[in-house]
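In the order they appear, the protein sequences are chains A and B.
Counting in the numbering used here, the first sequence runs from 14 upward without gaps.
Counting in the numbering used here, the second sequence runs from 22 upward without gaps.
Heads up, a few of these hints could be off.
Said to hold, decoys possible - Pairs of lysine-lysine, DSBU-like flavour, derived with a Cα cap of 30 Å: (1) 154(A) / 411(B); (2) 79(A) / 154(A); (3) 196(A) / 238(A); (4) 117(B) / 135(B); (5) 461(A) / 472(A); (6) 477(A) / 490(A); (7) 154(A) / 196(A); (8) 238(A) / 154(A); (9) 250(A) / 79(A); (10) 104(A) / 135(B); (11) 387(B) / 104(A); (12) 411(B) / 104(A).
To be verified - A few chain B positions that, by computed beta-carbon distances, are all more than 12 Å from chain A: (13) 30; (14) 57; (15) 105; (16) 119; (17) 225; (18) 259; (19) 298; (20) 317; (21) 348; (22) 370; (23) 442; (24) 511; (25) 522.
What the hints assert, rightly or not - Some chain A residues well away from chain B (every beta-carbon gap over 12 Å; in silico): (26) 49; (27) 71; (28) 171.
To be clear, the hints were calculated from the coordinates, so they are not data collected in a lab.
Quick reminder that beta carbons are idealized off the backbone N, C-alpha and C, glycines included.
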Amino acid sequence: MATALVDFDTVLATYDPALGLEVHVELNTATKMFCGCPAVFGGEPNSQVCPTCLGLPGAMPVVNGKAVESAIRIGLALNCSIAEWCRFARKNYFYPDMPKNFQTSQYDEPIAFDGWMDVDVDGETFRVEIERAHMEEDTGKSLHVGGATGRIHGADYSLVDYNRAGIPLIEIVTRPIVGAGEKAPLVARAYVQQLRDLILALGVSEARMDQGNLRADVNLSLSPKGSGVLGTRTETKNVNSFRSVERAVRFEMQRHAAVLDQGGSILQETRHWHEDTGRTTSGREKSDAEDYRYFPEPDLVPVAPSREWVEELRGTLPENPTTKRARLQGDWGFTDLEMRDVVAAGALLPIEQTVAAGAPPQAARKWWVAELARRANDAGVELAEVGVTPEQVAAVQALVDAGTINDKLARQVFDGLQAGEGTPGEIVAARGLAVVSDDGALGAAVDKAIEANPDVAQKIRDGKHAAAGALIGAVMKEMRGQADAGRVRELVLEKLA
Amino acid sequence: MSADLTRRTAAELADDLASGATTSVALTQAHLDRIAAVDGAVHAFLHVDAEGALAQAAASDERRAEGATRSALDGVPIAVKDVLATEGLPTTCGSKILEGWLPPYDATVVAKVKAAGLPILGKTNMDEFAMGSSTEHSAYGATHNPWDLDRIPGGSGGGSAAAVAAFEAPLALGTDTGGSIRQPGAVTGTVGVKPTYGGVSRYGLVALANSLDQVGPVTRTVLDSALLHELIGGHDPRDSTSVDQPLPSLVEAARRGATGDLSGVRIGVVKELAGEGWQPGVMARFTEAVDLMVGAGAEVVEVSCPTFVHALATYYLILPAEASSNLAKFDAMRYGLRVLPEGVASPSAEEVMRATRDAGFGDEVKRRIILGTYALSSGYYDAYYGQAQKVRTLITRDFDAAFAQADVLVSPTAPTTAFKLGEKLDDPLAMYLNDLATIPANLAGVPGISVPSGLADEDGLPAGLQVLAPALADDRVYRVGAAAETLLTSTWGGSLLDRAPDLSTGSEGPR
Chain A
14 MATALVDFDT VLATYDPALG LEVHVELNTA TKMFCGCPAV FGGEPNSQVC PTCLGLPGAM
74 PVVNGKAVES AIRIGLALNC SIAEWCRFAR KNYFYPDMPK NFQTSQYDEP IAFDGWMDVD
134 VDGETFRVEI ERAHMEEDTG KSLHVGGATG RIHGADYSLV DYNRAGIPLI EIVTRPIVGA
194 GEKAPLVARA YVQQLRDLIL ALGVSEARMD QGNLRADVNL SLSPKGSGVL GTRTETKNVN
254 SFRSVERAVR FEMQRHAAVL DQGGSILQET RHWHEDTGRT TSGREKSDAE DYRYFPEPDL
314 VPVAPSREWV EELRGTLPEN PTTKRARLQG DWGFTDLEMR DVVAAGALLP IEQTVAAGAP
374 PQAARKWWVA ELARRANDAG VELAEVGVTP EQVAAVQALV DAGTINDKLA RQVFDGLQAG
434 EGTPGEIVAA RGLAVVSDDG ALGAAVDKAI EANPDVAQKI RDGKHAAAGA LIGAVMKEMR
494 GQADAGRVRE LVLEKLA
Chain B
22 MSADLTRRTA AELADDLASG ATTSVALTQA HLDRIAAVDG AVHAFLHVDA EGALAQAAAS
82 DERRAEGATR SALDGVPIAV KDVLATEGLP TTCGSKILEG WLPPYDATVV AKVKAAGLPI
142 LGKTNMDEFA MGSSTEHSAY GATHNPWDLD RIPGGSGGGS AAAVAAFEAP LALGTDTGGS
202 IRQPGAVTGT VGVKPTYGGV SRYGLVALAN SLDQVGPVTR TVLDSALLHE LIGGHDPRDS
262 TSVDQPLPSL VEAARRGATG DLSGVRIGVV KELAGEGWQP GVMARFTEAV DLMVGAGAEV
322 VEVSCPTFVH ALATYYLILP AEASSNLAKF DAMRYGLRVL PEGVASPSAE EVMRATRDAG
382 FGDEVKRRII LGTYALSSGY YDAYYGQAQK VRTLITRDFD AAFAQADVLV SPTAPTTAFK
442 LGEKLDDPLA MYLNDLATIP ANLAGVPGIS VPSGLADEDG LPAGLQVLAP ALADDRVYRV
502 GAAAETLLTS TWGGSLLDRA PDLSTGSEGP R
C-alpha cells in the first residue's frame with residue numbers, strides 16, 4: 014500500500030520536524046572487540062573466528078584496549094564527557110547471526126556522553142547535541158539464499174558469516190535535533206558527512222558507507238507547528254549514503270505528514286530504506302513489548318580510564334573541524350561561495366588530500382566539485398567511492414601543468430581511472446592521449462586550417478586576433494583534441510603575423 | 022595391588038611415582054579398573070577416556086624416565102566435571118542440548134592440568150548446567166552416593182565428589198556457584214574447596230552464573246586440594262575477572278595446619294548458620310569439631326551476619342538472571358542438539374530454536390530461565406535483579422564486619438546429610454535450602470572449604486565442616502581445614518572414608 018505523500022513545502026507549513034541520528038562506526042582496530050581474531054574486511058566466510066566470537070560454551074570476552082582508546086578519542090572529538098567508570102551490558106535478544114543471542118554493548122553507562130558537533134549547512138551553523146557514544150560488538154552477517162528480494166522472507170535458506178561478529182563498533186546517538194525546519198534533510202546529511210570527516214581525521218575507522226563501516230539510522234518525528242511536543246518517531250535503517258540520509262528524512266517527513274493529515278497515527282517502528290525506489294517500508298514494530306533485559310556483563314570488569322590517559326588522548330585529537338574549515342579556506346584562497354560548494358559536495362577532505370599530493374587548490378577544487386562530484390552523482394555513489402583517489406587527481410593535474418594533456422583529455426583520463434585502466438600516466442600512454450607538442454605536425458595542421466578558412470585568416474592578418482578561435486577549433490578538431498590550445502594559438506598568430 | 026593404589030591420596034601417589042614404586046600407567050589403569058568395577062552402581066562418570074588417559078600416563082612415565090616431569094602431580098590421574106570444556110572430549114554439562122558436542126578448545130584449568138601432566142580419566146556427572154544440589158537433574162541419570170547408593174551425592178558436582186569418594190579418582194575438578202563443590206564434599210565425606218572469586222580462571226567453564234562461578238579442587242584430603250589448587254590457580258589473560266596477583270602458598274598452609282596447632286587463630290561461629298531445620302547429628306559433629314579446634318589453641322567468637330538470611334533469595338534472583346542470558350546461546354545454530362519441530366514443512370530458524378530448547382533443556386533449567394527472564398524484565402529489574410545486587414553488597418559488608426572479629430568463619434557445610442534420591446525432586450524450595458550455608462561465600466566472592474566432620478548419629482552418613490576466609494586469604498581455609506582434618510582424623514583413628522561401604526564386593530546397594 015503506497016501512501017500518497019504530502020508536498021514537502023506543505024509539510025513545513027503544518028509541522029515541525031525533529032530528527033535523531035544513530036550512527037554506527039566500525040573501528041579499524043587490528044583485532045575484534047573481545048577476542049584476538051583479526052577485524053579485517055573480506056576474509057573467507059567464517060575464517061576469522063574463535064570460541065569467543067562464535068559464542069562457544071565456556072568462552073569469555075576480554076576488552077580490546079585500542080577500541081576503548083578509539084571510543085574515547087571519538088568522544089573527545091565530539092566534545093563529550095568521558096566516563097570515569099563504566100560497564101558493558103548485555104542486550105538480550107535472539108537472532109541467528111548473533112552468536113550468544115545477546116549483544117555485549119553499553120546501556121546506562123556509556124563511555125562518552127553529553128557532547129556536541131557544529132554542522133555547517135549553506136553557511137549556517139547548526140549545533141547537534143550528542144547524547145552518548147558507546148562501545149559494542151557487531152553481529153555476524155546473514156545471507157539469505159533464494160527468494161526474490163534477498164531478504165529473509167521467502168528465502169530458501171540462510172547462511173551466516175561470523176567474521177563480522179565481534180568487530181568493535183561505536184554507536185553515536187544525537188539528542189533530538191529540532192528547529193531545522195526545511196533544512197532538516199540537509200542537516201541530517203551534513204551531520205553524517207561531517208561526522209565521517211571527523212572519524213577519518215581521527216583515523217579510527219575506514220568509515221566507508223558502502224562497506225558498512227559507517228551506518229546511519231535516521232529517527233524522525235513531526236509535531237504540530239509551534240507545539241514543541243515531540244511526535245511518535247520512526248527509525249529508518251539501511252541508509253547507506255549521505256544522499257540517502259537526506260532523501261530518507263525528506264521522504265519520512267512527507268509520509269508522516271500524509272498519515273497525520275488523514276487523522277492517522279504514526280506507528281513507532283523500524284523502517285527500511287530502499288535506495289532504488291527512494292521510499293521506506295515498514296519493518297518490525299518497535300512496541301514497548303520489546304525488552305532487551307539489559308544487565309551489566311558479569312564476565313567483564315568495569316572500564317575506568319584514568320584522567321591522565323584521557324588528557325593524553327585529548328592531545329592526539331585532530332584540529333577542530335570548524336577551525337580547520339576556516340584555516341583551509343584562507344590557505345586555499347577560496348571565496349565563501351566556493352567553500353560552501355566544496356562542503357556541500359563533501360569535497361573538503363579529498364581536496365585537502367589532493368593539495369597535499371601537490372596539486373594547486375583551485376585545480377583540486379575544479380576537479381572534485383565540478384567534474385568528479387557530477388560523476389559521483391550520476392553514478393549514485395559518494396564522492397569517496399567515485400573510483401578516483403586524491404593522489405590520482407593530483408597526478409592528472411600534474412600532467413596538465415606539464416602540458417602533456419589538457420583539461421579535455423584529463424576527463425578521458427578520469428574515464429580510464431574509473432574503469433581501472435591503471436595510473437594516469439599509463440592511461441595517457443595506452444589511450445594515446447598526449448597532446449601533440451611536435452610543432453611540425455601542429456604546424457601542418459595550422460597550415461591546413463588557414464588554407465581551408467581564407468576569410469578567417471585574412472581577418473587575423475588584419476589584426477582581429479579574436480577571430481583566431483575558429484582556426485584553433487579547426488586545428489583541435491584535426492588533432493582530435495590532442496593539442497595544447499595555447500600553443501596552437503601561438504602558431505596561428507605567428508603564421509598570420 | 023590395584024586396590025591399594027586407588028586408596029592412596031594424590032600426595033602419596035606423587036611420592037610413589039617419584040620413588041619409582043609405581044608408574045603413571047599402573048595407577049591410571051588401577052583407577053580405570055576401579056571405574057569399571059563400581060561406576061555401574063555409582064554413575065559418577067558421563068564419559069570415560071581410558072585410551073586418552075593411558076596415553077597421557079605413558080607420556081608421563083617417559084618424561085619421568087628422562088627426568089623431565091612437569092609438576093609434583095605429573096602422572097596422577099584426575100576426573101573433570103563435565104561443565105569444563107575439554108578439547109575433543111564430550112562436554113555436555115549434563116544436558117541433552119549439548120549431546121555430541123566436542124569442544125574445539127580446552128578450558129584454561131584443563132589446559133593447566135594437561136600441561137602439568139595429569140592424565141584425564143573422564144568427565145563427571147552433574148546437575149544439568151550445574152543447577153541443583155543432588156545431581157538428579159542430570160539428563161543422563163543421577164549419580165549415587167557411595168555411602169548409600171539410594172541417596173544423593175550432593176550437587177551440582179555430585180559426579181566429581183562421588184568419583185573421589187568411591188576411589189575412582191584421587192583428584193577431581195569441580196565448580197561451585199552456590200555450594201556445588203562444598204555441599205557434595207560434605208555429603209560424600211570428601212574435601213572440596215571454592216577458591217576466592219577470580220582466583221582460578223573461568224575461561225572454558227560453561228557459565229551458570231558468571232559472577233558466582235568458581236572452579237576448585239575435589240579431593241579426599243586438604244593437602245591434595247592445596248596441591249591441585251596451586252596447579253590450577255593464577256591469573257589468566259583470557260578471563261578479565263581473574264585476579265592478577267600471586268597466590269599465597271596453599272600447600273605450605275595445609276602442611277602447617279596439619280600439625281594440628283591453631284594457637285592464635287580466631288574462629289568465628291556464624292550465628293545465623295544454625296538453628297531450626299539443621300539436623301541434630303550434623304550440628305553435633307560441628308560442635309565437636311569446634312571444641313577440638315579450641316583444644317588446639319583456637320579462640321572462638323560468635324559472630325552475627327544478619328543479612329545471611331536473605332542470601333538464598335538474593336542468590337535465586339542473581340543466578341537465574343545471569344543463567345537465562347548465558348543459556349540463550351543454545352539455539353541449535355552452531356553446535357549441539359538440533360530438533361526440527363513436528364509437522365512443520367520448512368521450519369524457520371526461530372521455530373527450530375524453540376523446538377530444540379524445548380526438547381533439550383530439562384525442567385529445572387526451564388524453571389530458572391523463566392525466573393531469570395522475569396527478574397530482568399523491564400519494570401521488574403529494579404525490584405528484583407537491582408535489589409538483589411544491593412543485598413549482595415550488604416552480605417559482603419557482613420563478611421567484612423565478621424572478618425574484623427575472626428580470622429575465619431565456620432559453620433556446618435550443609436544443613437543435613439544426604440537425602441534419598443527422589444525425596445526432594447518435586448520440591449524445588451526444599452532442594453534450594455541445601456545451599457543455605459554455602460551461598461553467602463559465592464555472593465561475596467570469599468573462599469571456602471568443606472572437610473568431613475564425622476558421621477551423623479541419626480543415619481550414619483557424613484557431615485561437613487565449612488571454613489570461610491576473606492577474599493584472597495585462601496591460605497587460611499587450608500590452614501584451618503587441615504588442622505580440623507588432623508584433629509578429627511586422630512579421633513576417628515583413620516580417614517572417614519575408611520568407614521564407607523566397599524562397593525567392589527557388590528554387597529552394598531541396589532545395583
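Against the structure, the hints:
Under the criterion of a C-alpha separation no larger than 30 Å, the hint pairing residue 154(A) with residue 411(B) is inconsistent with the structure, at around 39 Å. Restraint check for residue 79(A) and residue 154(A): the C-alpha separation of about 24 Å stays at or below 30 Å, so the hint holds. Between residue 196(A) and residue 238(A) the CA atoms are separated by roughly 15 Å; this keeps the pair inside 30 Å, and the hint holds. Note on residue 117(B) and residue 135(B): the hinted pairing holds, with a Cα-Cα distance of about 27 Å set against a maximum of 30 Å.
Pair hint residue 461(A) plus residue 472(A) holds up; C-alpha atoms about 17 Å apart against a cutoff of 30 Å. Restraint check for residue 477(A) and residue 490(A): satisfied, since their Cα atoms lie roughly 22 Å apart, inside the 30 Å limit. For the hint linking residue 154(A) to residue 196(A), the alpha-carbon distance of about 35 Å lies beyond 30 Å, and the restraint is violated. A hinted pair counts as satisfied when its Cα atoms are at most 30 Å apart, and residue 238(A) with residue 154(A) does not qualify at roughly 42 Å.
For the hint linking residue 250(A) to residue 79(A), the alpha-carbon distance of about 28 Å falls within 30 Å, and the restraint holds. Of the pairs offered as hints, the one joining residue 104(A) and residue 135(B) is violated, with about 36 Å between alpha carbons and a cut-off of 30 Å exceeded. Taking the CA atoms of residue 387(B) and residue 104(A), the gap is near 20 Å; set against the 30 Å cutoff, the hint holds. With a C-alpha separation of about 22 Å, the suggested pair residue 411(B) and residue 104(A) falls inside the 30 Å cut-off, and the hint holds.
Here residue 30(B) stays apart from chain A, with its beta-carbon at least about 30 Å from theirs, past the 12 Å limit. Distance to chain A confirms residue 57(B) as a non-interface residue, since its nearest Cβ pair spans about 29 Å, more than 12 Å. Here residue 105(B) does not stay apart from chain A, with its beta-carbon only about 7 Å from theirs, under the 12 Å limit. Its closest Cβ contact with chain A, about 7 Å, brings residue 119(B) to no more than 12 Å, contrary to its assignment away from the interface.
Against the 12 Å criterion, residue 225(B) falls within the reach of chain A, whose nearest CB is about 4 Å from its own CB. Chain A draws residue 259(B) into its interface by the beta-carbon criterion, the shortest separation being 6 Å against a cut-off of 12 Å. Residue 298(B), annotated as away from the interface, keeps every beta carbon of chain A farther than 12 Å; the closest lies near 31 Å. The non-interface label for residue 317(B) is consistent with chain A: the shortest C-beta to C-beta separation is roughly 40 Å, beyond 12 Å.
Not every CB of chain A is more than 12 Å from the CB of residue 348(B) (nearest about 9 Å), against its label as outside the interface. Residue-level check failed: residue 370(B) sits 5 Å from the nearest beta carbon of chain A, not beyond 12 Å. Its beta-carbon lying about 28 Å from the closest one in chain A, residue 442(B) satisfies the requirement of being farther than 12 Å from that chain. Residue-level check passed: residue 511(B) sits 42 Å from the nearest beta carbon of chain A, beyond 12 Å.
Once the 12 Å rule is applied to beta carbons, residue 522(B) is consistent with being away from chain A; the minimum gap is 36 Å. With a least CB separation of 9 Å from chain B, residue 49(A) falls inside the 12 Å interface cut-off, contrary to its annotation. With 12 Å as the threshold on Cβ separation, the claim that residue 71(A) sits away from chain B is violated: the shortest Cβ distance comes to roughly 4 Å. Not every Cβ of chain B is farther than 12 Å from the Cβ of residue 171(A); the closest lies at roughly 7 Å, contradicting the non-interface assignment.
The structure is inconsistent with the numbered hints 1, 7, 8, 10, 15, 16, 17, 18, 21, 22, 26, 27 and 28, although it conforms to all the rest.
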